[in-house]
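Use these hints to put chain V onto chain Z, whose structure you have.
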Amino acid sequence: MDLSFVVIQALSGLASASALFVIASGLTIVFGVTRIVNFAHGSFYMLGAYMAVTIVPWLLQFDRSPTLFFVGVIASAMVVGILGVIMELVLLRRIYKVPELFQLLATFGVVLIVQDVVLKIWGPVDITGPRAPGMRHGIEILGQRFPAYEMFLIFVGPAVLGLLLLIMHKTRFGVLIRAATQDREMVGALGVNQAMLFTGTLFLGAFLAGLGGALQIPRLPANTGMDLSIITEAFVVTVIGGMGSVPGAFIAALIIKMLEAFGILIFPKITLVLVFLLMAVVLVVKPWGLLGKPEVASGRAVLPEGILNLKAFTRTEALVWIGLAAALLLVPVFGDTYKVKVGIEIMVFALAAFSLNLLIGNGGIVSFGHAAYFGVGAYAAGLLVTGPLKAPMELALVVAPVAGGLAAALFGYFIVRLSGIYLAMLTLAFAQITYAICFQWVEVTGGDNGVVGVWPSRWAASREVYFYVVAALSLTTILALRHLFYTPFGYTLRAARDSATRADAIGIDVKTHRWLAFIVAGAAAGLAGALYSFSKGSIDPTMISISMSIDFLMMILTGGIQTVMGPLVGTAVFHSVKDFFMPLTDFWRFFLGVSIIAIVLIFPKGIVGAIDSLRERMGRGPAPQPKPAGEAA
Amino acid sequence: MAPAIRIQGRFVMPKLDLSRRTMVGGLAATGIALSSRTAPAQGAPVRIGELNSYSRMAAFAVPYRNGMQLAVEQINAAGGLAGLGGRPLEIIYRDDGSTPGDAVRVAEELVTRENVTFIAGAFLSNVGLALADFANQKKVLYLATEPLTDALTMGSGNPYTFRVRPGTYMQTKMLVDAAKDKGVKRWAVVAPNYEYGQSAVAAFKRLMGAAVPGFEVVAEQFPALGRVDAGATVGALAQSRPDGIFNVLFGADLTAFVREGNTRGLFERRTVVSLLTGEPEYLLPLGDETPDGWIVTGYPPEQVTTHGHPAFVTAYKAKFNDTPRLGSVLGYVVPFMIRDMFNKAKSTETPAMMEAFKGLTTQTICGPVTMRAVDQQSTLGAWVGETTLQGKLPTMKNFRYVDGADVMFPEAEVRAARKI
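Protein chains in written order, with numbering that gives the first Met the number 0: chain Z, 0 to 632; chain V, 0 to 419.
What the hints contain is simulated information worked out from the structure, not anything from laboratory work.
All clues stand as given, with none of them false.
In silico lysine-lysine, DSBU-like type, Cα no more than 35 Å apart, as pairs:
(1) V:Lys137 with Z:Lys389
(2) V:Lys357 with Z:Lys338
(3) V:Lys138 with Z:Lys389
(4) V:Lys318 with Z:Lys577
(5) V:Lys418 with Z:Lys389
(6) Z:Lys119 with V:Lys396
(7) V:Lys204 with Z:Lys268
(8) Z:Lys577 with V:Lys137
(9) Z:Lys389 with V:Lys204
(10) Z:Lys389 with V:Lys357
(11) Z:Lys338 with V:Lys138
(12) Z:Lys119 with V:Lys316
(13) V:Lys318 with Z:Lys119
(14) V:Lys391 with Z:Lys119
(15) Z:Lys268 with V:Lys184
(16) Z:Lys338 with V:Lys137
Non-contacting residues of chain Z with respect to chain V, defined by C-beta distances greater than 12 Å in every case (computed):
(17) Phe61
(18) Ile73
(19) Leu277
(20) Leu307
(21) Ala324
(22) Leu388
(23) Ala470
(24) Phe484
(25) Pro487
(26) Lys510
All values derive from a computational prediction rather than experimental measurement.
C-beta: ideal position from N, C-alpha, C; glycine also.
Just chain Z, with the same shape it has in the complex (with noise of 0.2 Å):
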């Protein structure tokens, strides 16, 4: 390796680097003030790009200068910045009182809608911007060529790092944001008018991610794909800083950047693992990221999100249950095919769903990557019946679990040290990492390609038979976890949500009793893996996607997190609800994202909780209750 190859290779990542940074400082910013984990940061990342390929060709008609080139990328961002506070006043601002995830979910609602806007609007060809003008050429290096435009996006990176350091500190406004980012309650309390504050985040924010797409339309075109492969990215630069740190953020945008430079020559095939690897490595050594700060109000008391007062089943709500279990277990002798194989999905997500409510609901245990278990079971089965061992469906299903409980162990074991967001930053590095093993280790698990011949032993091959060994088996599970809800287990996991501290001080072992939830969780999600495996007779590496993560998530929050029963009910309805609109047209997205946020603003205790709360207004809350032993008042 010779000298000049190592300076333009770092040259390389520097100018990878700061466009990174420009984009990841506007969603940490966002972050630190709000405290929404803001989706839609991709979404202004890649409205930011089209923009720019719309209004900078049209300058440039009049005059081909550099100047008018970067007129054009800032008018681009002040539309995206526009675009932001409409967001903010339109959505979010309704919002803010509402759990935390219910935001995340709002969001991600507002990705999918603006995927089908930009498909309307700019049609679905990659559009190729212009290339910045005086900034065609390359600069020679010792003896190497290296792009103008790269040499000056080098520069771009620590002058926004500037210029936000010089507003953070310099302004009122600067000022505001940093002290809603070490304690926005006591901002609030201190009488500032944190709507305006919020509106004027969310501006810079979105000004920021729409300046990082606008800088990039020489380098990249304008894509549909944008959005969702630069938000993984920003947010593992973000977490990597701390969350809330700008100059964090600046140097994780550097490690990660200058890492990926060097490291593609020694490992070709890393790019996609050496992020989420590193993000979990930090986060394992230094809990709250390079430069963050541990929250202020994580030792505070606060209202927890979640299964607060538990109830046991009245008898009319024991009968609607026993009614619908009923209705659901003669479908396959009423319904059509479909309607069989719709209800085994439904049966398997909810699986899922639940177990993942076992974690958020009632452990408080944030988790972005719960897929991961799906996944791992799911392989594990799939891998097991293809396989060399050509193992039979029973022995498979019983793996499952097992190596979902494994995997869940193992990450488990790190994930449970930490809590709040980076808790669920950590479950998402997880699950991408086993998402890109899968996806990229084409030897064992078939790549993209995944593994087909999953289905059934002979004896349960017909779609029917298989229904019932799917409710067999997910209704005893989910009756299972449902009955951990009421153990002292089942308490004591709440207790420590509620507060860790005190839950500790009277001796209990909070981490142990979080690994032990995750471990269950993820042995059940594994079997809602495999099962979900056999009912489409291949594995591949979709079911590991963050997608399939946030739908999981989707489905407890439809229901109501606050609810034991209610990610039954929000899995049914969410997935009626995509299958309803994926035949009818082409922009189901779209729909589906305007189905999600108005969940969130009709329901959002979920529709379980919007149903407790309505009979609790009519006064006829659930008749009292024997209360079982142990629960406090």
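This is chain V only, laid out in the frame that chain Z set:
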């Protein structure tokens, strides 16, 4: 006896249709009797279920659907499916959700609710493989139109699945055949890191290694799909000082790679061989950055003059006000294959349709296309040529149509892979 009929069938189709009907009738009298009792009345359309990523892969799938609609219109205007008493052909289009799980559910819906005769489509290889396996399990015919993975006709192939497009191996072989005489020995390869990229590289190494003595790969780069770090990748490739570059990147990755490579002079004085780059879907976004003289597989819509192709371009432009893409060609070819299959099968029963597809030759705008019986892969080919700019329009020059029949897997290899 059956093999004799099959061989005869390639040459004497009308006669074969008769003998096939008698043969199938004789072998499966009950099945046929059932079908004639439950078959819809004359004039009821024959429905095909077509799944594709219309939402996520719209750049390919929408022109593809346009092509299909055009062909179906023409077929029905010309009297529909003669073999089935002139019944019209109807295609039901559904989004496959771009994941195997969704696709299999949608396929189930098409089969049970929409009563489609068989299913067709898919863009992504994993979706195609899942549908193929679904077809095998449910004994439904599946016409895989687009998925490229070789597994579909080789290791994971099954009797119910037929593939139309030339797969990864076939397209790679076309390129190797076109480039091997340049005698380039030192190669660098760059491919997206997933099954398609990896198998294309494997095929390239194998074929080029066999064709060029002293062939060596001096650098390999496998950036993650959809997020190539173009600067670092170009730097790493240039460092190895290759004489030739084999590229499998496509879409946004390709555009980023080409821009970076152009500025840094990566492609200067080097032979570049690039898979799929000549397809308008991927070539047009390159704009004035289009490199000159890359050896590519693709499709130059305005320049093909054979087999009534210009008439297709005119009709397509008139109907959709857009030039056809490669997807449009594929979409246009497929319904004619389906029509000929029905005319030969004279039945909508799966076994009859499967038999009819084997060895079926269809006259298409790409020339005659035969569904090879041994791996159920069609001989649809591709255009191989060099990239160039005509004015501001990226297109291909020095191209020729390579018949898929010339680049298929050897039959012995197919038999070994499919275990037949």
